[in-house]
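**Q** The residues making up each chain are set out below.
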Amino acid sequence: MADKITFELVSPERLLLSEPVEMVVIPGTEGNFGVLPGHAPFASTVRADLIEIYQDNRVTRRIFVAGGFAEVSPDRVTVLADEAVLVEEIERGAVEARIKALEDDVRDGADEVARAAAQAKLFVEQAKLAAVIRASGA
Amino acid sequence: MPSLKDLRLRIRSVRSTQKITAAMKMVAGAKLRRAQEAAEAARPYADRMDRMLRALAASFGDRPGAPTMLVGTGKAQIHLIVVATADRGLCGSFNASIVRETRNMVRALLAEGKTVKLVTIGRKARDLLRRQFGPMIVASFTEMDRPRLSYAAADRVASQVISMFAAGEFDVCTIIYNRFKSALAQFVTRHQLIPFKADAAPAEAAAQGARAVYEYEPDEEEILAALLPKNLGIQIFRALLENYASEQGARMTAMENATRNAGDMIGKLTMRYNRTRQAQITRELIEIISGAEAV
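Residue numbers (the numbering used here), protein chains in the order written: chain A, 88 to 225; chain P, 2 to 296.
Please keep in mind that the hints were generated in silico from the structure rather than gathered at the bench. Certain hints may be false.
[To be verified] Subject to a maximum C-alpha distance of 25 angstroms in a straight line, what follows is the list of computed SDA-like cross-link-like pairs (lysine to any residue):
#1 K91(A) - P45(P)
#2 K182(P) - L102(A)
#3 K208(A) - A226(P)
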């Protein structure tokens with residue numbers, strides 16, 4: 088299969104990745120969706136989970152994103168990510184420590200706003216941990 | 002008439018000032034390069050966000066039920082102005098010109114009978130506006146560029162603005178910052194954040210919107226509701242990046258001028274020092290000669 092689609096991953100601070108890929112699976116808020124070349128124009132919000140990049144019929148890279156937006160056009164997929172990190176670069180211990188700290192914040196946050204912010208961060212870290220466990224198991 | 006010793010001391014002091022300004026110029030130059038790179042790197046996200054938002058806004062058209070962030074509250078009574086300056090001075094008219102623009106805008110709005118609220122970014126905005134408009138300042142942010150200007154910092158400002166908007170505390174939000182053109186030229190710019198305004202010509206936006214018929218998941222309302230606050234953060238982030246680059250550019254120019262002035266001053270003082278020294282030698286010679294003749 089010679090057809091490729093350009094996959095772009097951008098964070099607010101810089102363009103993280105731009106390369107031709109065979110297929111990419113994106114975790115949309117309403118379910119994962121795979122994008123192949125020639126996909127119909129499509130836009131979706133993205134939840135905190137793994138993006139999987141396929142080359143030669145297998146996954147070559149897994150990237151964790153902490154939510155964002157995806158825009159698909161026939162020749163390009165763009166993911167606007169809030170935070171993105173390669174699964175291999177996530178340190179499980181650090182994530183677990185952060186979850187602990189955030190759980191404390193959620194419990195004894197100073198006010199409603201601080202607790203809600205901590206809760207939102209906690210969700211992201213929990214998703215990150217789940218992703219790491221899944222990736223290492225697979 | 003200053004003595005030779007006084008002149009020597011002054012030359013020395015000007016010279017050390019010159020060393021400081023020259024060093025500051027080089028630091029600002031290095032920071033400017035990095036700031037430009039950061040601004041460059043942030044462009045793709047902003048561009049794509051803009052494209053998506055415009056397609057969404059176009060597909061919404063004038064349908065009722067669009068989020069108020071996009072179309073406004075229908076009023077323009079309370080204005081929120083986000084004023085972005087630097088934390089430090091010594092950068093020419095950089096801070097002063099932003100503050101001047103803010104003053105003009107506040108005065109014009111007050112004259113129209115509107116209510117004005119201010120959010121200041123940077124120590125200088127807070128300090129320079131506090132005396133005149135103290136009670137209008139609802140929030141202040143400083144040290145945005147420490148350890149470095151990040152999206153997280155812009156997001157702090159954005160969430161403050163969003164929570165105020167959600168609470169109905171203002172109708173229109175504008176940010177004032179310095180747009181970066183070059184190290185020599187920066188322009189004070191007003192940019193309206195809420196309600197959202199596409200920068201490009203409407204015809205072009207409409208054409209783009211018609212061409213790209215997207216499918217949305219979840220539906221348009223929900224995407225838009227998630228996208229608009231994010232976009233606000235991005236707009237503020239972009240303004241801060243531009244502002245930071247402008248600050249460094251302005252400082253570089255100001256310090257270059259200061260270094261040159263110090264050089265001129267050293268030249269003049271050295272000339273005067275030498276003249277004075279020669280005059281003194283001549284006088285001593287005359288005294289010796291006339292003393293010898295008298296014998």
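**Q** Please go over all the hints and tell whether each is borne out by the structure.
**A** Each hint, compared with the structure:
no.: 1; hint: K91(A) - P45(P); verdict: 21 angstroms, holds
no.: 2; hint: K182(P) - L102(A); verdict: 23 angstroms, holds
no.: 3; hint: K208(A) - A226(P); verdict: 19 angstroms, holds
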